[in-house]
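Colleague: If you want the building blocks of each chain, they are given just below.
Number of protein chains: 2
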Amino acid sequence: MNSPEFNRLRNLVNEHILDYMPVIDQKCSTLYDSMRYSLTAGGKRIRPVLMLAAALMCKEKEEIILPFACAAEYIQTYSLIHDDLPAMDNDDYRRGMLTNHKVYGEDIAILAGDGLLSAAYEIMTKHMLLFMDDPERLKRMTRAAFELSKGTGVRGMVAGQVADVENEGKACSEEMLTFIHANKTAAFIKSVTLAGGYLGGADEQLQNDLKTYGEHLGLAFQIVDDILDVIGDEKKLGKKTHVDEQLDKATYPALYGLDKSIDIAMSHLAKARDAMEKYYDEAEVFNCIIDFLESEIIR
Amino acid sequence: MNSPEFNRLRNLVNEHILDYMPVIDQKCSTLYDSMRYSLTAGGKRIRPVLMLAAALMCKEKEEIILPFACAAEYIQTYSLIHDDLPAMDNDDYRRGMLTNHKVYGEDIAILAGDGLLSAAYEIMTKHMLLFMDDPERLKRMTRAAFELSKGTGVRGMVAGQVADVENEGKACSEEMLTFIHANKTAAFIKSVTLAGGYLGGADEQLQNDLKTYGEHLGLAFQIVDDILDVIGDEKKLGKKTHVDEQLDKATYPALYGLDKSIDIAMSHLAKARDAMEKYYDEAEVFNCIIDFLESEIIR
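These protein sequences, in sequence, are chains A and B. Position 178 (the first sequence) corresponds to 178 in the numbering used here; numbering is contiguous. Position 119 (the second sequence) corresponds to 418 in the numbering used here; numbering is contiguous.
Don't read these hints as lab results, they were simulated from the structure. One or more hints might be untrue.
What the hints assert, rightly or not - From the structure, some residues in chain B lie toward chain A, with a derived Cβ separation under 7 Å: (1) PRO321; (2) LEU330; (3) MET387; (4) GLY395; (5) ASP413; (6) TYR420; (7) LEU428; (8) LEU429; (9) MET431; (10) LYS438.
Claimed, not checked - Now the stretches of chain A that chain B is said to cover, found in silico as 3 or more residues with beta-carbon under 8 Å: (11) 19-33; (12) 62-73; (13) 132-139; (14) 145-154; (15) 161-173.
Please read all numbers here as calculations on a predicted model, not as lab measurements. Every residue gets a Cβ at the ideal spot worked out from N, C-alpha and C, and that includes glycine.
Please build the complete structure, drawing on both the sequences and the hints.
Modeller: In structure tokens:
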């Protein structure tokens, strides 16, 4: 990512991501190993960085946000492990590494996912216990935790996943495709930017702008992912391409063709950029993610 | 259960368990259906009833606890769905009904479990948003949510599950068996009694007694479950027996034999009863669960 601040925040997440892991008994060290394996498999950390960046715009202290940011990455990691399972997308590789169930078996992979999701809320609520005498921050954190649960639960990510697997191999309407994308990917991305705003105590204007940014970035994110499945480089992506086609998944390129999909993605990215324009240099992290996604699909 | 108050609280849970379900879009109605299927499959509701009973001992209002109690049952239900999956215990029946994946398929069952776990935290944090101007209750709820995440996460239920699947077919030490039981089942049961105490604002003495009760009841609970797998009636239990033997699971009867297992269970139940003795009639709900477990294994 072409931004020193993004890279600084990503490094911060990488440095501390395991610090927040609840202490796991040696007797089930495989659980720890399997969770660590996927937590440190080298993601771009876009969600925790976005949350940190949003809260830092309000001048909140980094260390107060960091547990929540890492918790978001725990949720992201759980969702990838379950998504890769044989009963779901049946992927053998992710980011150039074997998927969790290929290394640890399906049973442990399911439990590692369950463990990461549980740990995310354990991390957040444990952190909240430190602010029992700081009602303002306790409220902000409650709002942020609720926002995350909403974006990643049954009216967010999980809903999108269900619609996604149910529409494999079916003729999919525009409305359904939008529903899948809005929930599978965009809802979580919106929720991390909103949660960051809540944690920082953003005013109404900033909170609205973060929402607009998150919505459009999130939609673009999944469309770009769909596009890369068609035009991307397997080595660079670290996973197989043309998978959506094989699974007959509902995607933008399948419904609109490649060129129109790129146009739609670019239009969402432009709207995301507009939302943060008034913040100039303060929006460096937000803009660099847009630049990155644009560079992925410009041919 | 031979207690009017237990039955009243169980009915309360049954009546409201679906009220707290976040609104799920029609476009993924299968997600709603599959979650509802398992949520209403007729469990005894011991965990939510225990939480309610603990909080009611402190005279907290029922409606303030109920969302947390139902959230605990969402967590319990998720754990059963994932536990029954082919990659885990591979069970076709539970409580006399087909297991979730036998009805909805493995992919939806995994996601229904993920959805229930996410919904549990969505329900709790959404409820907490109603108490933004009641710092005392907001604190109590934060403690309760943390306690539940701990009891059901990677230093509780998930840890126990991992140790359980890893020790199938192995000679299992006494220490490991205790670890599995303490985590797989007892940790969650302890955490609902503790969470109920926190929610109600229990004093130190009551909180300690709830802890002792929960610990011993929880351990007895899993030992009785092991025993019933050997001596239980399939029709009454609504599931196959002799499964542990077939999977070569680490159980009390396998390690100690049946008679000694019954003695150990009875001894934990006696300790649980002692912990609540001083509360006389107020402990009706707590005692009736002990009576029920005793009646299951007395021959």
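Colleague: Next step is simple, just say for each hint if it's right about the structure.
Modeller: How the hints compare with the structure:
1. PRO321: This interface hint holds because 5 Å falls under the 7 Å limit.
2. LEU330: LEU330 (chain B) check passes; min Cβ-Cβ to chain A is 4 Å, inside 7 Å.
3. MET387: Nearest chain A Cβ about 5 Å off; hint holds.
4. GLY395: At 25 Å from the nearest chain A Cβ, GLY395 (chain B) fails the 7 Å test, so the hint is violated.
5. ASP413: holds (5 Å)
6. TYR420: holds (5 Å)
7. LEU428: holds (6 Å)
8. LEU429: This interface hint is violated because 10 Å lies over the 7 Å limit.
9. MET431: holds (5 Å)
10. LYS438: The hint holds - LYS438 (chain B) has a Cβ within 7 Å of chain A, the shortest such distance being about 5 Å.
11. 19-33: Since 10 is at least three, the answer is holds.
12. 62-73: violated (count 0)
13. 132-139: Satisfied; 4 residues make the cut.
14. 145-154: Result for this restraint: holds, n = 7.
15. 161-173: holds (count 5)
Of the numbered hints listed earlier, those contradicted by the structure are 4, 8, 12.
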